[in-house]
Amino acid sequence: MPSFDFQSLLWWGLPLVAAPIIIHLINLLRHRRVTWAAMEFLLASQRKYKTRVLLKQLLLLLMRVAAVLGIVLALAGPRWSSSLAGMLGGARTAHVVLLDDSFSMGDTSGGSGGVDPATAFDRGRRVVERIVGDLATASGRQELAIGRFTGLAFPAASGSPPTFDLPLQSVAPGVVQEVRDMLGTLRVSEADCGPKEPLTAALETLGRGTGAGGVVWIVSDFRTRDWRAADDVADQLRQLADAGVRVQLVDCAIDAATNLSVERLEPVGGVPASGVIVPMEVAVRNNGDRPVRDVAIELREDGAARPGVRISEIPGGATAKQRFDARFETAGGHVVEARIGPDAVAADNLRTAVIDVVDRVDVLLVDGGLAAADAGVAGDAFYLAAALAPGSGAPTGLNPRIEPPRALATLDLDAFAGVWLMDVERLEPAETAALEAFAAGGGGVVFFMGPRTNPEAFNASLYRDGEGIFPVPLAGAVDLLADPTATAAPDVMVEEHPVVAVLSGQRNPLLSAVRVERFMAVERTFEPRAGSGLRRLLSLRTGAALAIEQPFGDGLVVVVFSTAAPTWNNWARGNPSWVVVMLELESHLARARRRAESLVVGAPVAVRLEPGSDEIEVDFTTPPQGAIVHVTGTASPPDGLVASLPTTVAAGSCAARWRRLDGTERERLFAINVNPGEGQLERMGRDRLDRALVGVPFHYDAAESLQPEAGVMAGVSLLKPLLHALLIVLVVEQLLAYSASYHPRSKLL
Amino acid sequence: MSCRVTPASKRFLHPEAIARIAQLELRARAVVEGVLAGLHKSPYKGQSVEFLQHREYARGDDLRRVDWKVWGRQDRLYVKEFEEETNLRLTLLVDGSASMDYASGPLSKYDYAATLAAALAWLGLSHGDAAGCAVFDDAVRSSVPARMKRSHLTSIIEVLEARGSGGHRPTKFLPALRGLSETLPRRGLIIIISDLLGDRDGIAKGMQMLRRRGHDLVLLHVMDDDELDFPFDGPTWFEGLELPDHIACNPRALRDGYLAEVQAFLTGVRQQAAAARCDYSLIRTSEPLDAALVRFLSRRASMAV
Numbered sequence: 001m002p003s004f005d006f007q008s009l010l011w012w013g014l015p016l017v018a019a020p021i022i023i024h025l026i027n028l029l030r031h032r033r034v035t036w037a038a039m040e041f042l043l044a045s046q047r048k049y050k051t052r053v054l055l056k057q058l059l060l061l062l063m064r065v066a067a068v069l070g071i072v073l074a075l076a077g078p079r080w081s082s083s084l085a086g087m088l089g090g091a092r093t094a095h096v097v098l099l100d101d102s103f104s105m106g107d108t109s110g111g112s113g114g115v116d117p118a119t120a121f122d123r124g125r126r127v128v129e130r131i132v133g134d135l136a137t138a139s140g141r142q143e144l145a146i147g148r149f150t151g152l153a154f155p156a157a158s159g160s161p162p163t164f165d166l167p168l169q170s171v172a173p174g175v176v177q178e179v180r181d182m183l184g185t186l187r188v189s190e191a192d193c194g195p196k197e198p199l200t201a202a203l204e205t206l207g208r209g210t211g212a213g214g215v216v217w218i219v220s221d222f223r224t225r226d227w228r229a230a231d232d233v234a235d236q237l238r239q240l241a242d243a244g245v246r247v248q249l250v251d252c253a254i255d256a257a258t259n260l261s262v263e264r265l266e267p268v269g270g271v272p273a274s275g276v277i278v279p280m281e282v283a284v285r286n287n288g289d290r291p292v293r294d295v296a297i298e299l300r301e302d303g304a305a306r307p308g309v310r311i312s313e314i315p316g317g318a319t320a321k322q323r324f325d326a327r328f329e330t331a332g333g334h335v336v337e338a339r340i341g342p343d344a345v346a347a348d349n350l351r352t353a354v355i356d357v358v359d360r361v362d363v364l365l366v367d368g369g370l371a372a373a374d375a376g377v378a379g380d381a382f383y384l385a386a387a388l389a390p391g392s393g394a395p396t397g398l399n400p401r402i403e404p405p406r407a408l409a410t411l412d413l414d415a416f417a418g419v420w421l422m423d424v425e426r427l428e429p430a431e432t433a434a435l436e437a438f439a440a441g442g443g444g445v446v447f448f449m450g451p452r453t454n455p456e457a458f459n460a461s462l463y464r465d466g467e468g469i470f471p472v473p474l475a476g477a478v479d480l481l482a483d484p485t486a487t488a489a490p491d492v493m494v495e496e497h498p499v500v501a502v503l504s505g506q507r508n509p510l511l512s513a514v515r516v517e518r519f520m521a522v523e524r525t526f527e528p529r530a531g532s533g534l535r536r537l538l539s540l541r542t543g544a545a546l547a548i549e550q551p552f553g554d555g556l557v558v559v560v561f562s563t564a565a566p567t568w569n570n571w572a573r574g575n576p577s578w579v580v581v582m583l584e585l586e587s588h589l590a591r592a593r594r595r596a597e598s599l600v601v602g603a604p605v606a607v608r609l610e611p612g613s614d615e616i617e618v619d620f621t622t623p624p625q626g627a628i629v630h631v632t633g634t635a636s637p638p639d640g641l642v643a644s645l646p647t648t649v650a651a652g653s654c655a656a657r658w659r660r661l662d663g664t665e666r667e668r669l670f671a672i673n674v675n676p677g678e679g680q681l682e683r684m685g686r687d688r689l690d691r692a693l694v695g696v697p698f699h700y701d702a703a704e705s706l707q708p709e710a711g712v713m714a715g716v717s718l719l720k721p722l723l724h725a726l727l728i729v730l731v732v733e734q735l736l737a738y739s740a741s742y743h744p745r746s747k748l749l
Numbered sequence: 001m002s003c004r005v006t007p008a009s010k011r012f013l014h015p016e017a018i019a020r021i022a023q024l025e026l027r028a029r030a031v032v033e034g035v036l037a038g039l040h041k042s043p044y045k046g047q048s049v050e051f052l053q054h055r056e057y058a059r060g061d062d063l064r065r066v067d068w069k070v071w072g073r074q075d076r077l078y079v080k081e082f083e084e085e086t087n088l089r090l091t092l093l094v095d096g097s098a099s100m101d102y103a104s105g106p107l108s109k110y111d112y113a114a115t116l117a118a119a120l121a122w123l124g125l126s127h128g129d130a131a132g133c134a135v136f137d138d139a140v141r142s143s144v145p146a147r148m149k150r151s152h153l154t155s156i157i158e159v160l161e162a163r164g165s166g167g168h169r170p171t172k173f174l175p176a177l178r179g180l181s182e183t184l185p186r187r188g189l190i191i192i193i194s195d196l197l198g199d200r201d202g203i204a205k206g207m208q209m210l211r212r213r214g215h216d217l218v219l220l221h222v223m224d225d226d227e228l229d230f231p232f233d234g235p236t237w238f239e240g241l242e243l244p245d246h247i248a249c250n251p252r253a254l255r256d257g258y259l260a261e262v263q264a265f266l267t268g269v270r271q272q273a274a275a276a277r278c279d280y281s282l283i284r285t286s287e288p289l290d291a292a293l294v295r296f297l298s299r300r301a302s303m304a305v
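These protein sequence lines are chains B and Z, in that order. Sequence positions in the first sequence follow the working numbering and run 1 to 749. Sequence positions in the second sequence follow the working numbering and run 1 to 305.
In isolation and in its complexed conformation, chain B is listed as follows (with noise of 0.2 Å):
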């Protein structure tokens, strides 16, 4: 049935539609009286043309009144609904509201508090309470769906259908009030989410009704990040074009002032041991253009203040890393927080680091020139054991333990922050395995060479034409041979590496000291296969590789083409770049082995249970508030027994605590952070957003400024039908009034 956008125009102008009535009316009270002697001539034409005349004067009133009619429907906005469609539950107005609530949205510039909304959230929330008051008033069945981008996305991710904070249902009053109570409730989250999963939840939403006219509000701040390149969600918003959705798109944003963003808090040393120094590193990431100096980070640890850092300047679009030490005395989970002072975004001031401190680190040696039964003598593995622990004096928190080849495969490699292979032959299969899934699951990976380091055993078991956790294939033990033209050209050189980093630079004097006399060689035809990731550490003045690492599944192997103990060089016979280097190599690796630990805020927290160890219950405590949610262990293949807590909503430390069946009580900490990229407010603006979205009809408002096109409310609209029709009946009423001869005489000539 036919509604109006400007329902009180209908009602002033429809008694215009008398006027051609009343004129006609008039005009017959204003006849020209003539006294006419011809009479009998024009009675006789009257009795021939009367019928004629009257038809036509009865349609060309008819015509003006229809014309008059047409041009107030017009001005009334008339659109249309089926009514039978309606009853049949088909034709009806479904608008999908996407409410973006990533914390970029918290951006307070441009915001003063009080009557001005303090964040670009509260102006999105503001054009949902206008969008919802039109609909309200708006006429013709109007359905309404309203949901946060992360309360649509990270329900997605754990498997459940996307969630609406109000489902479709039509738009009656009470609705109104519901919205209104609803939105008030409702806060900037912490997370991450672009608009990909939302627009997945609006296209399943209008997809399942029938009717046409819906719309996809997208209420957001337009982030460049979230829609540079965004291909997928320009589909998106293709695919719902196609279907006759109409995409509105609602920024929320202003030009933002300068905001700042903790982008990293992590141990920079190895694995933290108790008792022992945790260098750590803070970077904050200048998200503005101009340069920021005399940066203030307030350090905490364990909720204890300590004294903070500060970094002198930021460069515009730039990160400013800064060191401190930490020292945890007990073993455990430590939780150490960074924050720096308010901006205009604040979720992203604030980073927690979860410190797993341990009494001691482990790290398996395997020395191949070792029998079964020599466990623990030193051997090549002498030289790296002093390096790793050089006593007392100099605590380091790693316990080395040597072992030979064999152990590989009876040991739980889980147990040690690294695994060190020295001069070994060869390794078994089920060592071979057992190395490699070490690796794979983020573990550090060393080996060194030497004498009995068997090339073809290497690249049959280990290397497997690039399948295995060897990187290289080896050609074989090679002298390098004195180089007759420069007698002083040192023997190592250093590449670009963080490991060797403290070495790099001008000649280094210590490393000028180290002779290498042989070293296993690669195979001349060997060339890394593209997206390897294979880096050199270290190299020898012919150009050769001496020390190269490749990523294997989410750990790292490094190869040293020489020996650890003084066999093919003297490196470790009293240089003290040895102990630095294998430290600095020891601590690279197992960061490469807490990478994992790092968790952004929405993404689900799972703890692996150990099924006949540990009870199935799991408590996490979350941030905030601390409030507590239990959580019943399920196997999930192939992780075994898993407790996931399915999303976070918060930045902080989150607990996650279960009892062992022995009555132990165990404890996790995991530090969830906001993810630092969502600082970046650059905006992309109306053109970049044509660019990016190139193909995509689309309507763009700023959030101030929107004004809801009744068009956008309800129904098809019949303004241009109803013009098409108003042009036929003026032009009928033309030709009629011609025809009527009502036309001036002086217009026909």
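Because the hints were derived from the structure by calculation, they are not lab data. What you are looking at is a predicted structure, and each value in this text was computed from that prediction instead of being measured. Each hint should be verified, as a subset may be incorrect.
Said to hold, decoys possible - Examples of chain B residues lying across from chain Z (beta carbon under 7 Å, computed):
#1 11
#2 32
#3 33
#4 34
#5 35
#6 36
#7 39
#8 42
#9 43
#10 46
#11 49
#12 740
Claimed, not checked - Result set (DSS-like, lysine-lysine): computed pairs, CA atoms no more than 30 Å apart in a straight line:
#13 205/Z / 48/B
#14 205/Z / 172/Z
#15 48/B / 69/Z
Stated by the list, open to error - Partial chain Z-side listing against chain B, Cβ under 7 Å, derived:
#16 78
#17 103
#18 243
All residues carry an ideal CB built from backbone N, CA and C; glycine is no exception.
Given the coordinates of chain B, assemble chain Z onto it according to the supplied hints.
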């Protein structure tokens, strides 16, 4: 016969100019003088005398007119006066019905007809013809018999002006023509000046009747431009001058039908005139009177030849 209308005379003979002349006599004179200015010779020929009266002789009288028989019997000199005989007795029948009051210009149809009649009377009298006049509607309302005297024009004009204006009756040709024909002692030329609106059968019968009695008939059909062209626009209330009917209409919607009816009427009138061997001319009131007069005279001349 040929005639010429000078530009000056034409200027004064335009209906607007004629209308400004108040008296019908003056108007008629103006018309005729304008026409005569272009005439080369009289259209009428021959003469005859008819005894009128005796008069005592006076010096200067033509001795050939002395009635010697009276002198022989009474010894007194009397001269015989003869009424000049003419070969034309002109009788002007002017329609004075209500429909003749319609005027879209300065002259109503009746004014135009009366002026035309007076002019014709003047012209006839000035050539020595006898001219008489009658004004009729459903009957003869006033008349004057045909006389040759130039002063008779005054009587004719009095008859024409006696009609006045407004409140007149509808046209009934047959009783009017019948009554008139009974008063005409001799055959002559009868000029009917009318819009012919009214009893159409009566026109035909009346013309036939006059024709049977030996009269030469001329029918000057005077119509207003509005009646022939029907140029009205806009809602109009038409009220009959003769008929009691009225019509409220958009005139242009009825125009085609009206014009068709008028054409049929004119065609019928022409056919009736032809059947009665009547000389028919349609004259528009917007036409200059002298032109109408010249056209009529030229037509008559060509018929005479």
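| message | Output the indices of the hints that this structure fails to meet, ascending. | response | Those not satisfied are hints 1, 15, 16, 17.
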